[in-house]
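**Q** Next come the chains, spelled out residue by residue.
Protein chains: 2
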Amino acid sequence: MTVGIVGAGQLGRMLALAGYPLGLDFLCLDPAREAPAGQVAPQLHGAFTDRRLLARLLSRCEVVTFDWENVPVTGLAAVARRGRGRICPPLTALATGQDRVAEKRLFERLGIPTTRWHAVGSPQELRRALDRIGLPGVLKTRRLGYDGKGQAVVRSAAQAAAAWRKLGRAPLLYEEWVDFDCEVSIIGARGAGGATAVYPLCGNVHGAGILRLTLAPFGPSRWQRQAARYLTRVLEHFRYRGILTIEFFVRRGKLIANELAPRVHNSGHWTIEGAVTSQFENHLRAILGLPLGATTPLGHSAMVNLIGRLPPRGTLLKLEGVHLHEYGKAPRAGRKVGHCTIVEGTSARRDARARRLLRDLAVDVRIP
Amino acid sequence: MTVGIVGAGQLGRMLALAGYPLGLDFLCLDPAREAPAGQVAPQLHGAFTDRRLLARLLSRCEVVTFDWENVPVTGLAAVARRGRGRICPPLTALATGQDRVAEKRLFERLGIPTTRWHAVGSPQELRRALDRIGLPGVLKTRRLGYDGKGQAVVRSAAQAAAAWRKLGRAPLLYEEWVDFDCEVSIIGARGAGGATAVYPLCGNVHGAGILRLTLAPFGPSRWQRQAARYLTRVLEHFRYRGILTIEFFVRRGKLIANELAPRVHNSGHWTIEGAVTSQFENHLRAILGLPLGATTPLGHSAMVNLIGRLPPRGTLLKLEGVHLHEYGKAPRAGRKVGHCTIVEGTSARRDARARRLLRDLAVDVRIP
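Taken in sequence, the protein lines are chains D and U.
Going letter by letter, the first sequence gives residues 0 to 367 in numbering that gives the first Met the number 0.
Going letter by letter, the second sequence gives residues 0 to 367 in numbering that gives the first Met the number 0.
No wet-lab data here; the hints were simulated from the structure.
We put the CB at the ideal spot given by N, CA and C, even for glycine.
Just to be clear, a hint being listed does not mean it is correct.
Unchecked claim - Stretches of chain D that chain U covers, calculated by requiring three or more beta carbons in the stretch to come under 8 Å of a beta carbon on chain U:
no., region
1, 14 to 24
2, 128 to 138
3, 324 to 337
Make a model of the complete structure from these sequences and hints.
**A** Below, the structure written as structure tokens:
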């Protein structure tokens with residue numbers, strides 16, 4: 000049984016590595032040579048918009064999924080309509096995740112608190128947005144933003160003008176700046192027959208817009224319950240199949256939805272060693288109509304992203320209980336090239352070990 | 000960094016799957032099409048004795064290992080002598096593991112209790128062996144035995160004659176029949192600088208000569224200590240690099256070495272989910288000179304082999320906490336086509352769940 004993956008990044012790579020023990024085969028589509036998933040599975044080389052290649056992928060696979068939320072929807076939808084191919088998660092969720100305005104509207108429609116926002120397509124609209132939302136705020140592209148790209152913090156009218164000059168060629172969104180106490184994410188799967196399985200809440204620390212550290216389980220149980228309720232609403236809304244993630248700000252104990260990702264998520268990498276079933280295996284189970292696996296945590300986990308370049312292998316492997324995941328990527332500033340995970344019996348021991356690990360890696364983030 | 004594997008069976012497959020997260024690449028050599036490891040890594044197709052292919056493998060890999068103990072040593076040794084290739088574990092250990100007489104002599108030399116035995120090359124020697132060792136006993140080929148193949152139990156002179164007719168074309172060994180209380184195995188790694196790491200003792204149940212069930216940790220701590228001492232002697236003797244396994248009979252609380260395997264072992268598959276570092280990752284760490292990982296168990300594990308044909312995926316995956324491993328093999332009677340593992344907090348819960356799993360799989364073995 001072959002699973003197709005549009006995109007051959009590290010998420011695709013970890014999907015394939017989770018699927019081989021289940022006896023699955025994989026086929027990726029990605030324009031990049033030396034793509035992380037292409038090193039562990041066959042790959043079709045070409046553009047995400049190449050309908051001939053998309054059709055070949057769909058015809059050769061039981062089900063096709065994606066490992067990147069910015070995969071163009073139009074071509075995929077057209078090919079799926081013409082063929083008998085099955086795509087999971089649903090393209091409606093993919094399309095929503097690609098457009099910050101559609102995302103905000105969905106959160107509002109489902110009664111999920113989110114930031115105040117205003118669509119911005121002109122300098123006039125930007126002025127109106129500043130009037131209505133106030134300062135500070137964040138000007139973001141509606142599409143193609145990830146890891147802090149396509150965003151500018153706006154603290155003054157002058158900064159707003161500068162941000163408009165930088166980003167204004169694309170449709171934008173102006174959002175209130177949330178002075179959050181912490182950031183969390185909830186990850187869960189919806190499978191055949193509407194069964195759902197939700198992982199423990201993740202506490203996330205970003206640096207320069209990129210996730211640096213995740214702790215799980217995180218926060219009081221009422222955050223977990225609230226986040227799981229919001230997640231379930233989105234899963235049901237889309238009659239979803241697969242793993243879905245929602246990121247939240249937490250301000251004075253209230254969850255404020257920031258964005259959703261219709262895929263496995265960086266903040267869920269700890270589940271490989273830290274949960275009974277990993278997010279990658281559960282995504283595959285969900286899209287293939289297999290029973291979902293338990294999301295029970297096996298302890299207290301910390302996941303640290305390796306950004307830019309990998310430290311020498313021995314440096315990390317000599318630390319007891321550190322699980323290394325390299326993605327097979329060339330080094331580049333700001334690039335996620337791997338991660339490592341620790342799982343401990345108590346949160347105190349986890350935090351102590353995470354602190355040592357962050358120090359050894361010279362990662363300057365504070366454990367929340 | 001590329002690791003070569005002579006043999007592309009399920010052990011090679013699981014080595015590759017453990018090595019990808021470490022950023023390693025793999026290249027296998029195996030004559031079989033559709034080999035388990037060849038489905039997840041590039042494969043050179045050809046005979047294990049093809050020196051041209053062996054030379055190519057050695058020249059393209061940082062280090063070459065093997066996933067089967069019956070890989071012919073002569074060709075490998077000749078190619079290694081001529082080239083700059085590095086082979087781990089040492090070929091001396093591989094050669095010993097291939098010859099039951101060499102194995103017995105090694106155990107005796109290192110003071111490791113083993114069964115009484117007698118080499119048999121003629122009907123006269125068989126008579127002498129029966130006189131000296133008595134009945135019942137087991138007549139075995141010196142070479143190429145695995146999973147109960149190349150063996151015959153001998154309970155009478157008539158059976159001895161029949162066994163001779165069946166096996167007598169090859170050099171043989173006659174061994175006492177051990178009326179054991181249970182069977183155990185010890186698995187450990189020796190790495191760079193002579194560091195060693197030993198896993199908890201495994202309790203093994205065979206059926207028709209094939210491993211059906213492993214429980215770990217198993218038995219009193221003095222068995223563990225004794226087995227680890229014996230294992231360490233063998234590791235030091237060979238100045239070993241990699242994972243080594245010794246199987247023992249236990250009779251009246253005493254360990255009696257049965258055989259050694261210079262490789263990762265079926266009775267260690269539980270370590271993928273059941274230990275901090277799997278036997279596969281530790282084998283790679285050891286042969287690459289990386290620090291060894293912790294062998295600490297994460298709970299009480301049971302591993303059940305799937306023999307002959309796989310049950311439908313959903314049957315196993317609907318059982319909570321069951322980790323499935325399919326090897327990508329076509330069904331065939333008596334063939335190991337996969338395994339599954341459960342890890343529980345207590346041995347009582349592990350045993351209860353294992354019992355249910357064995358019943359669901361219609362595997363007729365008793366939990367020791």
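**Q** Determine for every hint whether it applies to the structure shown.
**A** Status of each hint after checking the structure:
Requiring three or more residues with a Cβ within less than 8 Å of a Cβ of chain U, the coverage given for the region 14 to 24 of chain D holds, as 6 such residues are present. Only when three residues or more bring their CB closer than 8 Å to a CB of chain U does the claim for the region 128 to 138 of chain D stand; here the count is 0, and the claim is violated. Chain U is given as covering the region 324 to 337 of chain D, and this holds because 5 residues of the stretch bring a CB closer than 8 Å to a CB of that chain, at least three being needed.
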